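*Asks:* What follows is each chain in one-letter form.
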Amino acid sequence: MTAYRYDYEVITQWIEPGEKVLDLGCGDGDLLRHLMQVRQVQGYGVENDPDKLLASVKNGVNVIQMDLEKGLIGLEDGFFDHVIMSLSLQAMHNTQGILAEMLRVGREAVVSFPNFGYWRHRQSILNGRMPVSESLPHQWYNTPNVRFFTIADFDALCEMNGIAVRERLAFDEGKLMLEEPNFLASVAVYRLGRSA
Amino acid sequence: MTKMIQPQSVGVVTPQRAEFAQPLALRSGGTLDNYHLVYETYGTLNADRSNAVLVCHALSGSHHVAGTYADAPHNVGWWDNLIGPGKPLDTRRFFVIGVNNLGGCYGSSGPNQMNPATGRLWGADFPFVTVEDWVESHARLADRLGIDSFAAIVGGSLGGMQAMSWALQYPERVRNVAVIAAAPKLTAQNIAFNEVARQAILTDPDFHGGHFYEHGVVPARGLKLARMVGHITYLSDDSMAEKFGRSLRHGRNTYSYDVEFEIESYLRYQGDKFAGYFDANTYLLTTKALDYFDPAFEYGGNLPAALARATADFLVVSFTTDWRFSPARSREIVYALLHNKRKVSYAEIDCPAGHDSFLLDETRYHKLLSAWFDRIEA
Chain P
1 MTAYRYDYEV
11 ITQWIEPGEK
21 VLDLGCGDGD
31 LLRHLMQVRQ
41 VQGYGVENDP
51 DKLLASVKNG
61 VNVIQMDLEK
71 GLIGLEDGFF
81 DHVIMSLSLQ
91 AMHNTQGILA
101 EMLRVGREAV
111 VSFPNFGYWR
121 HRQSILNGRM
131 PVSESLPHQW
141 YNTPNVRFFT
151 IADFDALCEM
161 NGIAVRERLA
171 FDEGKLMLEE
181 PNFLASVAVY
191 RLGRSA
Chain X
1001 MTKMIQPQSV
1011 GVVTPQRAEF
1021 AQPLALRSGG
1031 TLDNYHLVYE
1041 TYGTLNADRS
1051 NAVLVCHALS
1061 GSHHVAGTYA
1071 DAPHNVGWWD
1081 NLIGPGKPLD
1091 TRRFFVIGVN
1101 NLGGCYGSSG
1111 PNQMNPATGR
1121 LWGADFPFVT
1131 VEDWVESHAR
1141 LADRLGIDSF
1151 AAIVGGSLGG
1161 MQAMSWALQY
1171 PERVRNVAVI
1181 AAAPKLTAQN
1191 IAFNEVARQA
1201 ILTDPDFHGG
1211 HFYEHGVVPA
1221 RGLKLARMVG
1231 HITYLSDDSM
1241 AEKFGRSLRH
1251 GRNTYSYDVE
1261 FEIESYLRYQ
1271 GDKFAGYFDA
1281 NTYLLTTKAL
1291 DYFDPAFEYG
1301 GNLPAALARA
1311 TADFLVVSFT
1321 TDWRFSPARS
1331 REIVYALLHN
1341 KRKVSYAEID
1351 CPAGHDSFLL
1361 DETRYHKLLS
1371 AWFDRIEA
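Protein chains in written order, with the numbering used here: chain P, 1 to 196; chain X, 1001 to 1378.
Bear in mind the hints are in silico, worked out from the structure with no lab data behind them. Treat the hints with caution; some may be incorrect.
Derived lysine to aspartate or glutamate pairs resembling DMTMM-like cross-links, with alpha carbons at most 20 Å apart [as the list claims (entries may be wrong)]:
1. X:LYS1343 x P:GLU180
2. X:LYS1288 x X:GLU1195
3. P:LYS58 x X:GLU1362
4. X:LYS1288 x X:GLU1136
5. X:LYS1367 x P:ASP49
6. P:LYS58 x X:GLU1377
7. P:LYS70 x X:GLU1362
Here the structure is a predicted model, which is why all the values come from computation and not from measurement.
The shape of chain P in the complex, shown without the other chains (with noise of 0.2 Å):
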């Protein structure tokens, strides 16, 4: 149905069988669907968009509507093993307030963006014209980003509010890049917890 989305195998090696699993902005639910089907796990998505929520119904996922701009009010603390948020904070206002939220419901949170860093993203600044690429793949007129970080943006902003980071994976269009992610890398993938 979508194009294949690598960050979801990085996110699959991440989640042991049978986890309860919330995934924000879940979009049509193919991710749960994935981890239903490989890793059993009791899975819901949240989303707020109406057609991306039928979507997700059709695809036999259990899906909540709700506006993530909100929190997860009504959510028990602790409840989910995982929260994942793939490819959507840099499309939510209320950054520091929607990770906090995740560290609340979850025990650990996943979380992928686009990196504004990336090597492609810089040289087309230094071009004069704002990126668009394969991870950020809109123009800046009809982009629904509203959140412009780089990796190490989010690493300091990790820092700043006590959020461990416990594994980060960045990647160049599926190619893991251990060197110089910021420069090199156009996705990254957390795993997050509350520091000790």
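Since the structure of chain P is provided, determine the placement of chain X on it from the hints.
*Replies:* Coordinates of chain X only, in the frame set by chain P:
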């Protein structure tokens, strides 16, 4: 399943009647020694008897959920836009049942039916019935029809509460439940509106303590007022503003108590119409059943504990402009199910029509129900 055909009506339907001689113990402490239920069915029960869907009606609804009558072609079922070949609840796949609740006024045992013990109409002597009693009586109808387990039980408003109650009283007999425009219990404000409606009926001189049939009258003024106040809660501020605004019938103030504003005309019309066909005792009994409904009560108000028994997969739907049972009330149900790790999906449909939205064929709403029914194994 793709709906390859144009949605159609189920066509002409005929109500059926089932008699029950086994006494039914009621929550109120009373007993119905024998009773009957009228119901309609659409579609065909499959060989496995696994494709049955029960549709529960709301306050003023009935067993006539879909189709028309041969002798009354304009009497279309109240949820006809949902049910039929090619419609969201597709009668080519499902065997759909509508039942008139006990205490109703459309033919099931109720105040306007004969009390077999006295040979007279029950009137006010018909015992108080609860949502749980309705479920119990409908379970017996299911037994009669050879249905061990429903593929789904669905309902809006009070019907949604009844569907939820099924999942708690007979978790093994229902695989999917849709709770639409409902709430886990009524608020003080909800009960207050019901009480105003009841007082309108009870204080009507033509009510005669509920035995008005013998006097050849109906408490039409009380029923009318009850319906008027009820109707206000079914609509939204926006939909009323949109539909009527402050439009004046005569284009100017007439400084009288006759109809001036169009909303007055509408409410009076709705009230008069309702008083012409609905039974006052049924209105009283049904609003009380609504007031009493509170599955969490015996769990110290702990809804998650109350819903722990449910095993069905749930769909919960609310409407943004419904202030009678607001989205927040539906979310309480969702969170309680989530607490119990039940399968649940929840949609908040953006529709201007208030509580009554659940009866409309709003596109997103019906697409959602269609997708949900399609994934149910019949």
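*Asks:* So which hints don't hold here, by number, going up?
*Replies:* The structure breaks hints 1, 7; every other hint is satisfied.
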